[in-house]
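Residue numbers (my numbering), protein chains in the order written: chain V, 1 to 94; chain G, 1001 to 1495; chain L, 2001 to 2493.
No wet-lab data here; the hints were simulated from the structure.
Some clues are possibly wrong.
What the hints assert, rightly or not - Computed far set for chain G versus chain V, every beta-carbon distance over 12 Å:
id : residue
1  : G1019
2  : D1028
3  : G1051
4  : D1060
5  : L1063
6  : S1250
7  : S1254
8  : G1256
9  : R1261
10 : E1294
11 : A1394
12 : T1408
13 : G1414
14 : E1466
15 : R1477
Stated by the list, open to error - Within a straight-line C-alpha distance of at most 20 Å, the following computed DMTMM-like cross-link-like pairs (lysine to aspartate or glutamate) qualify:
id : chain 1 : residue 1 : chain 2 : residue 2
16 : L       : K2476     : L       : E2423
17 : V       : K9        : G       : E1351
18 : V       : K9        : G       : D1343
19 : V       : K9        : G       : E1356
20 : G       : K1101     : V       : E73
21 : V       : K9        : L       : D2285
To be verified - A partial selection of chain G residues facing chain V, derived with a Cβ cut-off under 8 Å:
id : residue
22 : P1103
23 : Y1196
24 : S1369
25 : F1376
26 : A1380
27 : R1384
Please read all numbers here as calculations on a predicted model, not as lab measurements.
Here a beta-carbon is modelled for each residue, glycine too, at the ideal position from N, C-alpha and C.
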Amino acid sequence: MPVDIDIAKVANLARLALSEEELAAYGTQLEDILEHAERVQALPTDGVEPTSHPLPMVNGFRPDERTESLEPESFLSEAPDAEDGQFRVPRILE
Amino acid sequence: MADLADLTIAEAGRGLRAGDFTAVDLLDAVTKRATMTEAQLHAYLTLDSGGARAAAEKADADLASGDDHGPLHGIPVALKDNMVTKGVETTASSQILAGWKPPYDGTAVARLKAAGAVITGKTNLDEFAMGSSTENSAFGPSRNPWDHTRVPGGSSGGSAATVSVGSAFGSFGSDTGGSIRQPAALCGVVGMKPTYGMVSRYGLIAFASSLDQIGPFSRTVEDSALLLDAVAGWDRMDSTSIDGDVPAFSGSLSKGVEGLRIGLVTELMGEGIDPQVKAAVTAMADKLAGAGAEVIEVGLPASEYALSAYYLIAPAEASANLARFDGVRYGHRTEHLEGTTEDMMAMSRAEGFGPEVIRRILLGTYALSAGYYDAFYGQAQRVRTLMRNDFASAYEQVDVLISPTSPTTAFPVGERAADPIAMYYSDVCTIPSNLAGDPAISVPVGLDDQRLPIGFQIMAPALGEEVMYQVAAEVERLAGFTDRAPLATSEVVHP
Amino acid sequence: MSIDSVTPLNAGGWEAVIGLETHVELSTASKMFCGCRADIPEEPNTACCPVCLALPGALPVPNEQAIEGIVRIGTALGCEINETSLFYRKNYFYPDLPKNYQISQYTFPVAEHGALEIDVEGEPFTVGITRVHMEEDTGKSTHVGDGGGRIHDASHTLLDFNRAGVPLVEIVTEPDIRTPEQARAYGAELQRVVLALGVSDAKLEAGSMRFDANVSVRRPGEEFGTRTETKNVNSLRSLQRAVAFEIERQIAVLESGGTIVQETRHWNEDTGKTSSMRTKEESEDYRYFQDPDLLPLSVDETWRLRAVEALPELPGAARTRFRDAGVDPVNAETLLDNPALAALFTDAVAAGAPGRLVANWLTGEVIAQLRRDEVDVSDTSLSSSHLVELASMVDGGDLSSSAAKDVLTRAMAGEGTPRAIAEANDLLQVSDTGAIEEVVEQVLVDNPDALEKVRSGDMKPLGFLTGQVMRQMGGKADPKVVQQVLRAKTQGE
Ligand SMILES: [Mg+2]
Ligand SMILES: [Zn+2]
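The following block holds chain V by itself, in its conformation from the complex (with noise of 0.2 Å):
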């Protein structure tokens, strides 16, 4: 199956703001690479069920205890802007 891949598109999922020179190049790599995975996709798996934890484990809970929160300052000193407490931005488009 040839790739053809909607690069820009891609671009745009990922909040990636790319020059059409960048989407060029990495539009031809990425086709590269999953032409590499071909092989994966003829490879006959029908019935085996996929595995997204390596370990059978499951739940792993916590009990509903509150622990210790952040003091604001330990992180809104580290943004690129806050105001009043509260992180900043430019205004958001709908």
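Please arrange chains G and L with the ligands on chain V, whose structure you already have, making use of the hints.
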């Protein structure tokens, strides 16, 4: 007296307790070694001299008052810079995190501190652990101590190099597709990846969550076990960490291989493996047989597909894991703020991530997107099942599997940088264990004709660390590998 | 399903098809995946940690109590609880979503295939429940600038992540609903279920319960039309209004030859209209995949049975019980919405008080008084034993029904038991025949004309005479006894 920086962790621990030297002396020794080697190697991104000195002084005071924290007490240890350290810059070698000072310690870091280890600093890596050469660092590449025109391997190249030259007694890295074992092989040190879930991932900046594991670098197998002992075990902050008793791994090193069944993996001794590497592995297999093990050839047919499956699974998970780097709460934000927050995010990300990271985010995003999910990600997860099934049947026949760690020894800087697929092939021997979630270790067994180290990989079933270490210790004895990198001696002259 | 029995058509023969998605914040002590408090403090960013801020390296660990909560909701809605369910990552970039993906569920939610029986003005109606799944809430954005908080005119936005990671249960219905009234009744009934389970405070105005309404219209029997999704609906009244507006709007568009665009719309409470938020130029691609940081959820047989056993009485059963006790439908709904009053009702009826009378008091005087004083019934002294005593006094003729209301109000104010209050305030009825006979005789003497009419068979003046007697006795005579005596005195001789 030998330079303290050349001691093993076990030796340093004995000397500390005998009063031969102090933790501050050990720190001074590795600091001096770093001063001598860093200009060529660039293994460290950050040396936390202040924090390390305070920790070393506290270690000495504690020991003097009889408060002994165990084998790592007072031992200088380096951390890959994708391990989150409170108050100490943590970047994952990415421009997008440059300058970030985390407000918390990851679990492995906290456990090392509790074990009395002295954290020397943060080591260089391929950006977000994506790479096999430590060339993809936003802050410049690291070099191989054995030949600084060559790469140290990656992505934990900095951690491998520090241990190789003695600018740390031990170090930690993360292994998603071979990122501990492959640089360990290329730098001539011991590097191991534990069973998935053995070490908490809390505070490890995620690359591919279902594959990532933290593990140690060391000069000896015994040191490897001591380092793993300190960080292993269930953590309430990581839902995927294994809830169960953890044995002391340092307890199984002298049992030998008599009566063990060892499988040499056919598919990992094929065409792409350098003949000298192949020869060294075969020679070691023979020695193991001579030491009383039953060595047979075993097939892992799905391993032929492992690399391709890995390059779908890891980028897919990474595309989501790296979505949080958006210029909102921490890290790089673009200067071009005339647009909306959406524009700000897209520009910050494009500016902050390097090309390999962008390539993998795009690949992963595509592999997960509507219409392609099942053909790519779904199919890769099914290959993963086949890989696990192969391992399961192999382990019905043998106790451990062996193979080369890396298809080649250290390659020249720049050689594979422009060819992603050639670079990806560096991990062909290590990826199967990541897909299966099994432990594996690389032990140096010799040098090739260019005086570059060759790594030998031992793989074991999940939670099989004890038998893995048992074999690794025997391999170490049989190899008698005592050569040191030319940079790793006190005679090195700063240029 | 009883949809077929209720297919109300709108003007022009259009049928509306409505499905609701409801988000409910669970009132656990800590958040879904971290130990920060889940009750959202006012001071911004004070309930945040590496996990809910999505700092690099942080990992989610699920809150067992939240899973308990969703299992209870699923069980109460008659769902099948999946033995294994999975967490997925729903990928989309938004500044109030710290990880830029939401941990949610996709295939294999915790619960699916349930139904909720509702009551629309006395008519039973069943709404199918497609799925109930577990997810996490987002942070809060405040748009700052000249636009008065409106997103389009804002100059910048401030982000508070206190709410990020609060456990959220999403309940999705089948497209079974056909009218705005049914939509409202479903919303009300679901809120009661959640409150009865005690898993959420389900406050619509505070956003701890929120609706999204999917609305389309079609000719009966045709395929579903294109639907819109209306968000920001934060009261039951708004739910009904928003759905009604959207139905009318779509019909108007279609009748004027236009087409409906699949889009997200925003309900504006002030204008009473929905407006387009954004059209989906390209259908959203959330790139769902199983979250590798989280293990599969396993709710075993023991857990499922325990959830069934632990179910409280649900509103449907309570409604039936109230009606069986003689409570009229309107009062029954009022009791359903006032659990504290319903509890008093239940205790009083169990102790033998007549249901209709007690329900009338509780939904009449008691609620009026509580509203006046802006208090809860638990803030007053009213107890079920008061209601029982009061009912028996009325029943025994010791207290007129109007005096009973006075006593009830005083009992709420803590003046004592009903009998003590009635005695202290001289409200007890006189049912002593001797005392009444004396007054009756005097009234008959004073009103010879009326007496004459009654004796000649015209019974109309009896009421007037009763009133005279009652007035002379200061209202304390038992009117039944007065009438008996009057009849005896006028007819008997
Ligand atoms: Mg939702
Ligand atoms: Zn938190």
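So, going through the hints one by one against the coordinates:
{"no.": "1", "hint": "G1019", "result": "holds, 40 Å"}
{"no.": "2", "hint": "D1028", "result": "holds, 32 Å"}
{"no.": "3", "hint": "G1051", "result": "holds, 17 Å"}
{"no.": "4", "hint": "D1060", "result": "holds, 30 Å"}
{"no.": "5", "hint": "L1063", "result": "holds, 31 Å"}
{"no.": "6", "hint": "S1250", "result": "holds, 24 Å"}
{"no.": "7", "hint": "S1254", "result": "holds, 29 Å"}
{"no.": "8", "hint": "G1256", "result": "holds, 29 Å"}
{"no.": "9", "hint": "R1261", "result": "holds, 23 Å"}
{"no.": "10", "hint": "E1294", "result": "holds, 28 Å"}
{"no.": "11", "hint": "A1394", "result": "holds, 16 Å"}
{"no.": "12", "hint": "T1408", "result": "holds, 19 Å"}
{"no.": "13", "hint": "G1414", "result": "holds, 18 Å"}
{"no.": "14", "hint": "E1466", "result": "holds, 17 Å"}
{"no.": "15", "hint": "R1477", "result": "holds, 31 Å"}
{"no.": "16", "hint": "L:K2476 with L:E2423", "result": "holds, 12 Å"}
{"no.": "17", "hint": "V:K9 with G:E1351", "result": "holds, 19 Å"}
{"no.": "18", "hint": "V:K9 with G:D1343", "result": "holds, 15 Å"}
{"no.": "19", "hint": "V:K9 with G:E1356", "result": "holds, 19 Å"}
{"no.": "20", "hint": "G:K1101 with V:E73", "result": "holds, 12 Å"}
{"no.": "21", "hint": "V:K9 with L:D2285", "result": "holds, 11 Å"}
{"no.": "22", "hint": "P1103", "result": "holds, 4 Å"}
{"no.": "23", "hint": "Y1196", "result": "holds, 4 Å"}
{"no.": "24", "hint": "S1369", "result": "holds, 7 Å"}
{"no.": "25", "hint": "F1376", "result": "holds, 6 Å"}
{"no.": "26", "hint": "A1380", "result": "holds, 6 Å"}
{"no.": "27", "hint": "R1384", "result": "holds, 4 Å"}
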